[in-house]
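Numbering (our numbering), first residue to last: 1 to 250.
It is worth saying that the hints were derived from the structure and are not from the lab. Hints may be right or wrong, so weigh each one.
Here are the simulated distance ranges between beta carbons [stated by the list, open to error]: (1) Thr-235 with Pro-182: 29 to 35 Å; (2) Gly-114 with Pro-173: 34 to 40 Å; (3) Gly-223 with Ala-59: 43 to 49 Å.
Being a predicted model, the structure only gives us computed values, none of them experimental. The C-beta atom is built at its ideal place from N, Cα and C for all residues, glycine as well.
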Amino acid sequence: HRDLHSFPTRRSSDLVSSIAVSPTNSQIVLAGVNGIMPAFQGGPSTIPGGIYLSTNAGATWTLVQGGGQGTRIIFNPANPSQVFATISGVVSSTYPLVAGLGVFVSNDAGANWGPSNGSGANAIKLEASGRIEIAMSPSNPLVLYVSVSSYNGSPGNLLGFYTSTNGGQTWTPLPTPDYCQPQCWYDNALAVDPTDPKTVYAGGIELYRTIDGGQTWRVADAGVLHVDHHALGYTAGGAQLYDANDGGVW
1 HRDLHSFPTR RSSDLVSSIA VSPTNSQIVL AGVNGIMPAF QGGPSTIPGG IYLSTNAGAT
61 WTLVQGGGQG TRIIFNPANP SQVFATISGV VSSTYPLVAG LGVFVSNDAG ANWGPSNGSG
121 ANAIKLEASG RIEIAMSPSN PLVLYVSVSS YNGSPGNLLG FYTSTNGGQT WTPLPTPDYC
181 QPQCWYDNAL AVDPTDPKTV YAGGIELYRT IDGGQTWRVA DAGVLHVDHH ALGYTAGGAQ
241 LYDANDGGVW
């Protein structure tokens, strides 16, 4: 067991990128840890990256899924024993990761994990991948969306955007604009409308929206919001969407 607060790091943003608490047991907490710093930040570090589990509300932690940067963690609201997470590659061509990346799923509240990237023609393409983000439809948790960006921080283009309608068993690529180019490593946020699995927001430099499950997209902020979107969150019921960007919270 290791206390996350004891991990050495240069900046807090290099350490924990995501925290998720079980909706039925507040003692169960999962944390995504960015254990390997990009080269331009002086990396790599020796912090073990991946997904960490605490079963005592954060008093102690165990690395339960390693291999890369723990990026995003989502509990299934309809089945709290199921959790999805993403493991990203390092944003650097100097220290790339080529294995152990992508989407992972746990069916025992985070204790054990396995890959959920599909196979063959129905798989997420992970070659040269860097930051990987995931979002789940609250009204239909079988519907997932995943964005995969390049490990090269410059230009850091979007490599692919995928959807699954069967809980991550198979994936279909979507015709998505490169919304986070040239810095997907820095700003890349996803959110699904709580009442409509086909309405999705993707925030990068600009904020984009689709209302047909990713078949078509348009810029959603009309120049009103500040650029560089980092987090998107709906209120319960979906009446409001909050956007955290370089200009604050909107």
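| Among all the numbered hints in the text so far, which are the ones the structure does not match? | 2
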